[in-house]
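Chains as they are written, first to last, in the numbering used here: chain S, 1 to 109; chain W, 1 to 221.
Hints were generated in silico from the structure; no laboratory data involved. Treat the hints loosely; a few may be bogus.
[Claimed, not checked] Covered stretches of chain W, going by a simulated chain S footprint (3 or more residues, C-beta under 8 Å):
#1 121 to 128
#2 166 to 173
#3 184 to 192
#4 207 to 219
[Unchecked claim] Pair by pair, the computed Cβ-Cβ distance ranges are:
#5 Leu189(W) to Pro6(S): 19 to 29 Å
#6 Leu108(S) to Arg7(W): 41 to 51 Å
#7 Pro6(S) to Leu193(W): 25 to 35 Å
#8 Gly107(S) to Gln108(W): 21 to 31 Å
#9 Arg160(W) to Ile69(S): 33 to 43 Å
#10 Gly68(W) to Thr41(S): 43 to 53 Å
#11 Gly107(S) to Leu102(W): 50 to 60 Å
#12 Pro37(S) to Asp153(W): 48 to 58 Å
#13 Arg11(W) to Thr7(S): 37 to 47 Å
#14 Arg180(W) to Ser5(S): 26 to 36 Å
Backbone N, C-alpha and C define an ideal beta-carbon position, used for all residues, glycine too.
Each chain is listed here by its residues.
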Amino acid sequence: MTDPSPTTLWLLILGTAAATMAIKAFGPVVLGGRQLPPAATRVLVLLPPVVLAALVATSALADGSTLEIDSSTAGVAAAGVLLVQGRHLLLAVLVAAAVTAVLRLLGLP
Amino acid sequence: MVHADHRASFRRGVRLGVPFAAVGLLLSSSFGVLAVQAGFSPVQALVMSALVHAGAAQFAATSIVVTGGGVVAGVVAASLMNARFLAMGAALAPSLPGGPALRAVQAQTVVDPSWAVANNGDGTFDRWLLFGATAPQYVGWISGTLLGAFGGDLIGDIERLGLDAIYPTFFLALLIAELRRPGSRGIALTGALLALGLVPFVPAGIPILVAAAVALVGLAR
Chain S
1 MTDPSPTTLW LLILGTAAAT MAIKAFGPVV LGGRQLPPAA TRVLVLLPPV
51 VLAALVATSA LADGSTLEID SSTAGVAAAG VLLVQGRHLL LAVLVAAAVT
101 AVLRLLGLP
Chain W
1 MVHADHRASF RRGVRLGVPF AAVGLLLSSS FGVLAVQAGF SPVQALVMSA
51 LVHAGAAQFA ATSIVVTGGG VVAGVVAASL MNARFLAMGA ALAPSLPGGP
101 ALRAVQAQTV VDPSWAVANN GDGTFDRWLL FGATAPQYVG WISGTLLGAF
151 GGDLIGDIER LGLDAIYPTF FLALLIAELR RPGSRGIALT GALLALGLVP
201 FVPAGIPILV AAAVALVGLA R
């Protein structure tokens, strides 16, 4: 595999930046500046838990287009127990990485 | 003029953003290491983090180009990972004042943790809290990329160190805070299961966007 050329990488960087900025701006530019009807507000209230749950599920249990349970799944689960108990995020993150690293050291995927 | 309550919100945002900034620093160090291994110069890795500031998009775009997928495929993959910002931006829109250009600029400060902590839970957002929470995270994101891009040899293998478990843990912390609000658990579970069910069949990033549509049950409440 040859490394991508600097030009390819600059195009990728600028293209990704432009797309990300446009996506972030879209909602506020198109929908902003006016009062939304109550039904729309009821939908908006539900967006955070749904989007975050989908992000957690896909980042912990999938790799690209395949569902996959590996050492990191156990690490994330251990961190989840700590977070539910109200422990600090940094502690949870360190435990997640440590559990994952130890399981891999033992030869698990 | 910035009002005193705006300043208080901003400061509270900064305090809430600092732990996420520390986690973001670990994540962006991983990005710096991987980007340089993929053929990026350290400056390129740094510019990408400074302009994009969205981990999933940066990892996705980089991995596509490294596997020979080309620039267009890389940008599309990044955009799919970012599709959630369409839903987040729609939720945030009524809380941002000013003309379209000013709203577009303010919307650039949206990153997942800031958006979540700025959520008042009643369909409105505290925008100064959003700005405050993003400020330390931006600094952390750039610093981590610097560390990873220039010090990758010291960090070594990211998976061996279990650093790939950090990204889902980060989102899990945000989710658990959301689940303390009434009426959110059933719908969160539905969204998660729907997203997982779609994973084998659609490109990465799309399952999250489709799952967001579950929030439409709010119309019937």
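(request) Against the structure, test the hints numbered earlier, and report the numbers of the ones violated in rising order. (result) 5, 7, 8, 9 and 14
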